[in-house]
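> For the sequence shown, this note's numbering assigns the number 3 to the initial residue and increments by one for each residue that follows.
Hints in this document: simulated from the structure, not taken from any laboratory. Hints should not be assumed to be uniformly reliable.
[To be verified] Label-pair ranges, simulated between beta-carbon atoms: (1) Gln-143 x Thr-37: 37 to 47 Å; (2) Ser-150 x Pro-23: 39 to 49 Å; (3) Val-291 x Ser-129: 35 to 45 Å; (4) Asp-57 x Thr-8: 21 to 31 Å; (5) Leu-112 x Asp-46: 40 to 50 Å; (6) Thr-8 x Glu-71: 51 to 61 Å; (7) Asp-93 x Arg-278: 28 to 38 Å; (8) Arg-278 x Ile-56: 12 to 22 Å.
On a predicted model such as this, the values are computed, not experimentally measured, just so you know. Note that the Cβ used here is the ideal one computed from N, Cα and C, for glycine as well.
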Amino acid sequence: MYYKITHVTTYSYEHPVTLSPHVLRLRPRSDVAQTLHRFSLETDPQPIRVVENIDMDGNAELRLWFAEEAIATLTITTTSEVETFRTNPFDYLVESWAIQLPVNYPASLLTQLQPYLGGQFLYFSSSVDPVAVQLAEEIWQDTNNTISFLTTLNQRIHESCKYIVRETGEPFPAGITWTQKSGSCRDLAVLFVETCRAIGLAARFVSGYQSDEPKEAEGEGGDRQTDTQPTPSQEHHLHAWAEVYLPGAGWRGYDPTQGLAVADHHIALVASPFARQTVPIVGSLKQGVGTKSEMQYHLSIAAALVKP
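Please model the entire structure based on the sequences and the hints provided.
So, in structure tokens, the structure goes:
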């Protein structure tokens with residue numbers, strides 16, 4: 003799939019303010035599952051300096067510095083063209099020693115995976131949320147096959163929890179989401195990650211976009227044909243899902259909001275052991291701290307089956 007994504011975020015301030023440096027995590031990643039062909043950034047006001055970094059998890063990170071002049075609004079616009087390749091999310095063979103739970107990782111691999119096996123939050127830093135532990139044990143009683151466990155967990159969260167839109171705020175702890183049986187996509191992703199870690203499966207949090215399939219149109223003579231030109235789809239929101247490290251398959255995505263294994267309709271921005279490290283825009287005020295602000299955004303995704 004080929005996507006053109008335009009993401010506009012505007013902050014409006016009650017009184018003029020000056021800005022401290024900002025961090026942007028809005029540049030899609032490039033790996034075996036997707037390729038970033040083009041990326042552009044526009045801001046109003048323009049920054050006086052932009053630095054491109056790679057963070058500890060290998061994600062692209064943009065750091066912006068602004069002039070001292072007071073402003074009433076900040077607008078950040080990114081445009082990305084991304085091609086995705088993973089049409090079959092199950093095109094792998096898990097290592098024989100990882101087919102059944104619990105997975106007995108080799109010592110060297112276990113050391114590397116430590117950040118992806120602990121709790122998401124400081125108060126569970128040495129262990130995962132106890133509610134997630136209980137959910138993991140309930141599913142484990144039904145199946146100890148690794149892939150079956152993940153599929154069951156994905157479906158159970160999708161079918162049991164009501165999806166709600168929360169535009170701002172950190173994800174809720176897994177226990178709150180599962181107890182209330184509702185949450186945003188980031189809440190459901192954290193619940194999935196924590197439950198995987200409870201059973202000893204390394205998992206991480208992913209922030210990105212999710213698109214609909216391109217629509218078919220009538221061709222000449224009444225034949226069906228699939229549009230190969232980018233076709234704008236409905237208004238979208240930033241999305242979040244989980245990735246699990248499967249020996250023999252690497253990182254593989256699961257989307258409990260959709261109840262799907264992640265394929266070529268998901269476009270990843272960043273991934274991290276901790277959800278707070280995937281926030282798309284992070285910044286503060288230098289002058290005007292405490293000033294009320296309002297955030298608005300517009301996200302459009304145009305999709306095509308092939309590169310135009």
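> Determine whether the Cβ-Cβ distance between Arg-278 and Ile-56 falls within the hinted range of 12 to 22 Å.
holds (18 Å)
> Between the beta carbons of Asp-57 and Thr-8, is the distance compatible with 21 to 31 Å?
About 24 Å separates the Cβ atoms of Asp-57 and Thr-8, which means 21 to 31 Å holds.
> Hint says 28 to 38 Å; check whether the CB-CB distance for Asp-93 and Arg-278 agrees.
Once the Cβ atoms are compared, 32 Å apart, the range 28 to 38 Å for Arg-278 and Asp-93 holds.
> How does the Cβ-Cβ distance of Ser-150 and Pro-23 compare with 39 to 49 Å: does it lie in that range?
Taking Cβ atoms as reference, Ser-150 and Pro-23 lie about 46 Å apart, which means the hint holds.
> If I claimed the Cβ atoms of Thr-8 and Glu-71 lie 51 to 61 Å apart, would that claim hold in this structure?
With Cβ atoms ~27 Å apart, the hint is violated.
> Within 35 to 45 Å: is that where the Cβ-Cβ distance between Val-291 and Ser-129 falls?
holds (36 Å)
> Just tell me: holds or violated, for the beta carbon distance of Gln-143 and Thr-37 against 37 to 47 Å?
For Gln-143 and Thr-37 the Cβ distance comes to about 42 Å; the hint holds.
> Could you see if the CB distance from Leu-112 to Asp-46 stays within 40 to 50 Å?
At roughly 48 Å between Cβ atoms, Asp-46 and Leu-112 fall inside 40 to 50 Å, so the hint holds.
Checked against the numbered hints above, the structure violates only hint 6.
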